[in-house]
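Student: The chain contents come next:
There are 4 protein chains.
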Amino acid sequence: MKKINAGIVGGTSLLAGLLIEILYTHPYVDLIYIDSEHHPNEPIYKFHRFLKCDIKNKKFDNYSKEFVHKNLDVIFIAKPHRISMKYVKDLYNEKIKIIDLSGDFRIKNVKEYEKWYNTKHIIPDLIKKSVYGLSEVYTEKIKKANLIANPGCYPTGILLALYPLLKNRIIDSKSIFIVSYSGVSGAGKNPVPGKNLFIDAFNNIIAYKVTAHQHIPEIEEYLSEFAENRVMINFVPHITSVEDGIFNTIFLKPEKSLAEKEFFKFYEECYKNCKFIKINRERIPEIKDVVDTNFCNISLKMDIRTGNLIVFSVIDNRIKGGVGQAVQNMNLMFDLPEDTGLM
Amino acid sequence: MKKINAGIVGGTSLLAGLLIEILYTHPYVDLIYIDSEHHPNEPIYKFHRFLKCDIKNKKFDNYSKEFVHKNLDVIFIAKPHRISMKYVKDLYNEKIKIIDLSGDFRIKNVKEYEKWYNTKHIIPDLIKKSVYGLSEVYTEKIKKANLIANPGCYPTGILLALYPLLKNRIIDSKSIFIVSYSGVSGAGKNPVPGKNLFIDAFNNIIAYKVTAHQHIPEIEEYLSEFAENRVMINFVPHITSVEDGIFNTIFLKPEKSLAEKEFFKFYEECYKNCKFIKINRERIPEIKDVVDTNFCNISLKMDIRTGNLIVFSVIDNRIKGGVGQAVQNMNLMFDLPEDTGLM
Amino acid sequence: MKKINAGIVGGTSLLAGLLIEILYTHPYVDLIYIDSEHHPNEPIYKFHRFLKCDIKNKKFDNYSKEFVHKNLDVIFIAKPHRISMKYVKDLYNEKIKIIDLSGDFRIKNVKEYEKWYNTKHIIPDLIKKSVYGLSEVYTEKIKKANLIANPGCYPTGILLALYPLLKNRIIDSKSIFIVSYSGVSGAGKNPVPGKNLFIDAFNNIIAYKVTAHQHIPEIEEYLSEFAENRVMINFVPHITSVEDGIFNTIFLKPEKSLAEKEFFKFYEECYKNCKFIKINRERIPEIKDVVDTNFCNISLKMDIRTGNLIVFSVIDNRIKGGVGQAVQNMNLMFDLPEDTGLM
Amino acid sequence: MKKINAGIVGGTSLLAGLLIEILYTHPYVDLIYIDSEHHPNEPIYKFHRFLKCDIKNKKFDNYSKEFVHKNLDVIFIAKPHRISMKYVKDLYNEKIKIIDLSGDFRIKNVKEYEKWYNTKHIIPDLIKKSVYGLSEVYTEKIKKANLIANPGCYPTGILLALYPLLKNRIIDSKSIFIVSYSGVSGAGKNPVPGKNLFIDAFNNIIAYKVTAHQHIPEIEEYLSEFAENRVMINFVPHITSVEDGIFNTIFLKPEKSLAEKEFFKFYEECYKNCKFIKINRERIPEIKDVVDTNFCNISLKMDIRTGNLIVFSVIDNRIKGGVGQAVQNMNLMFDLPEDTGLM
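Chains as they are written, first to last, in this note's numbering: chain E, 1 to 343; chain D, 1 to 343; chain R, 1 to 343; chain V, 1 to 343.
One copy or any two copies: either way a pair holds, since identical chains are not told apart in the list.
The calculated DSSO-like cross-link candidates involving lysine-lysine, where the alpha carbons are at most 30 Å apart (straight line), are:
| hint | residue 1 | residue 2 |
| --- | --- | --- |
| 1 | 108 | 301 |
| 2 | 174 | 209 |
| 3 | 115 | 301 |
| 4 | 56 | 209 |
| 5 | 265 | 59 |
| 6 | 115 | 209 |
| 7 | 129 | 143 |
| 8 | 46 | 189 |
| 9 | 65 | 86 |
| 10 | 209 | 195 |
| 11 | 301 | 209 |
| 12 | 129 | 2 |
| 13 | 59 | 261 |
| 14 | 301 | 52 |
| 15 | 46 | 195 |
| 16 | 189 | 52 |
| 17 | 46 | 275 |
| 18 | 95 | 79 |
| 19 | 301 | 253 |
| 20 | 52 | 261 |
| 21 | 253 | 167 |
| 22 | 272 | 58 |
| 23 | 301 | 272 |
| 24 | 256 | 174 |
Calculated directly from the structure, the hints in this document are not laboratory data. Since this is a predicted model, take the numbers as computed values, not measurements.
Please model the entire structure based on the sequences and the hints provided.
Tutor: This is how it looks when you write it as structure tokens:
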């Protein structure tokens, strides 16, 4: 097979580093372009000290729309929210596949986006053309998409945990309570005061952006789509003293009185063809089950005393919640087995 | 002032070690008895390597009812659940103060105790005579008690977080969703497979005893007492890669529509005379705020989108959730300022 | 190519788990036998919770000499020191390749072995027939061996760091000072009081087995072989609050006055064909450079003030210092590229 | 007793925060001045989130020489190297006691200072008037000093470990090999790329400033003074995944052939009146033994195979290696028991 020519815009970020690692070992990809706005021509290894792939002599490219359009089949945009859309605007056409890792195209309702991200969207028309890259749910749309809005880390684990229940209308969509804990890598590699310095995060637990996290409208939009009904969530994200991984603990009120094993069946049926989703009947997953993988592990408990259901999901925030899912989406778009280069 | 003669039954446990440290530096206590059932006459420092107080030449005593009754004013029982009650049975009389750190006397409903602890209670009559040692709530009763059932770690942080709301009937007592994360010291110092080995707990997040934790009936009993109404909770405890501390995240439905600052006022009013409770208006507390102290820090957020209230509380599980509160209760029982020896 | 039929004796250990993971994904291996003495017929996943390979339905075999001899091309022995030799004695013949992960065949001088391991060696004749599996140094011997004594974790990183210097006689072999720090996984997964419980090792640094570590005679034996001269080392191992990896810091007195870059050349020349050794001129390696890989990274600094040389080496104790090197040796024995299944 | 009026120049640093905590609870100190050059009039708690003392309403002062001279008995300078001397120059007179936490006055040889700190010293005359604040060694001089150069963290633990040996001329002063590991708090609270971000330091080991650390000339100067002879050291500092504490592992060649217990006697004799030094015969200290205390614990092992001596010392880098020792020095200067406010 002819290899896919791939590139990355914004090569210095933490996620870009991991994406480089994955794409270098992907058997059907040639990664021929990695740019940096602020550090062109500097050696890549200086920004990604721990990469295992051989990039000793590689340097960051200067951004070049011409090069991208002329040579690439797919471009990953790894720029921050609000900036990413500028590159998408510049690069979008019908011939190249764009996978945007930022939040700029995830929220279809432009007003919501503008409120939560506190900025004007510069290319709202493209939001409609983009496809939300939740690989297991929007598989068919992803295959045909030109522009993927790759999901956020919290949304990925939460949406996958709730999809089978909301689709089947078996929980009360007004009563969803989510507590999420993330490893510190979720805060990126630029210093964030009080959050990702060792002395702040080590041996500590911190709740942050309570009622104000920009993933809230993203989660609600797709939950509402699943339920065909307006869904609101109660959500508190935390950061704690681990490197990677997200642990989601979700309380729900069932609409139907079902046994625990009946709930499991909905999940198993819903995800039966999904290589990256494991439904755990035996025990509740831990983040160590999924760290360094593209898996989302899900389990649940029926609380027979209260009649409520508790669902658990774990992912690696950087992989299934970031670049792993992005590559999974690329695989879908280029008709490759979805796990190519990801096992 | 004449010093209090104090002793400890069960000196080898993790909590006993910390209790030794606190009592040694308490200005009005002589700690003259520390026994061990399995290691009498062995040096204490062998079991508590990191104690800072000078116990170099101290050895564990043999258990002696006679010595305790003849010489002590107060005895702390630091034995495991189910075993503790045997010592309380043997030692109880009207002259000595007993502070029991186990769960054996916390649940007033014997049947509930026997169900959750899976054992027969050997001295149910004493349960009624015991006082639940939640220092800030049952202060007056504690002062007069002979037998204190010292609260569990999760119950302490959760009950203090919910007391002002339930007492004032301003939340729906049917809709309480609690996610708690504890440091690994909560699992004690004996190996528990899959939980407190370094390779299991480091860099990991684990949910455990979901719907089955023995602190559930303890929490519900006192919440019901606060609310004068049967309260049930939804509760998931987790363990993560930190040493000490508990972080509680609690979702609630207000019964009255109040502004955030109104809720704060209830807390400030309720705890205005409590030295060990801090109500944080400026920011949500982190476990580093309270680790190594007897404080319980509380904050809250009104989610104006959903109309729900989110309450946060943090404690050090070993101190306010264990031996710190036990010493606070001793201070109350002996008419000392409640923070003596605890600052 | 016909696949290699491989097996593991002693499947429950921490190293065995990682070996299972590697052999399952090795393109030329069929792992058809994994036994357990104490847990035959029990599901493997119960002992290796975090394995990513699919072993859901696999159970531990009963030990069977007949099966091993009839069906396997290679058997890995993952039993503890002192026990391993019993299995080697039982299984050794000219037709099967044995790779022993224990210390039982590493020390050629039986008396030294018996002194440091405090046991009688039951099959000293086989020690002479075994080959020490330091892949980069004894490559040719390994290719022809039937019995490999796979190196210990500390010896691997230290021997690779010193080989080019001692072979070329450019340092004083009487003046070698080594400080090593290991992650806690080096202590295995059975509880070791004071060492691998979370509350002991987290946030702590511990020196252990000072002047008494059983890797000392192993290191000295091969250093002496390199130098063709009796070499003694000064060595202190420590354990600290990281999962995996060993960091070696070695002080040496050069016999010749050479510039830093001259020393580097000896290393680069010596290891020029070695895929798993990286000589770092730019910066001193960190354990994060090698964790989860089979690499040994080496760097050095000439202290021009004192005239002494400081050499640094890092490995993953479980991989290059354990099962990774074992598989590298298997590759050599079966004429495969040495990195097959290890990248 | 009349209280000591104390102040701090440079109140925002990590060390300043801990100094505030200690001075607030010191029974004979009134801390009446804490300035900040860049953040005057801002609330202190914003820069020291985890302080347990009550500083809720305190704000940083503007630097005022007049106030300091008029009101204070002692001033602690907590400014960075190279800047600290400007404040000492401005504030020095015969009436106020100055305790400088920086490296600016520790090295008596101005040329050495200027070489290692890469700056011109602006007030070399004061270097001679200053006293090096190694409390246990220079006790008498400290009592009479007006200007204390408070020792660095590495020097404190290393000098205390070597003092009894060099003073008694029982080791070869040409053969000293030191490996030190520090917790991440040693890197302060401002982001240092590659060093004190969580994602860099967590689960990692890093050697840094090899042959170039500015503590080398400080250590050598005082070792030379102890030995009355020019001493040079081989020294490698590392940082690892713990919060606080320094672990020093030191190889030495004895000049006399003495048994282990004889070496212990030198230490016990030398430090017999020192409250903050513990000589451990039973076991090698761990950093958990001293973290959060002003203790320096020391132990040793004779390697009878090699004839070399291995000495271990541990301190809390922030306390005995920083502000704890500074307060100990203040106690000496004001004729208080040396442990006042430090237990």
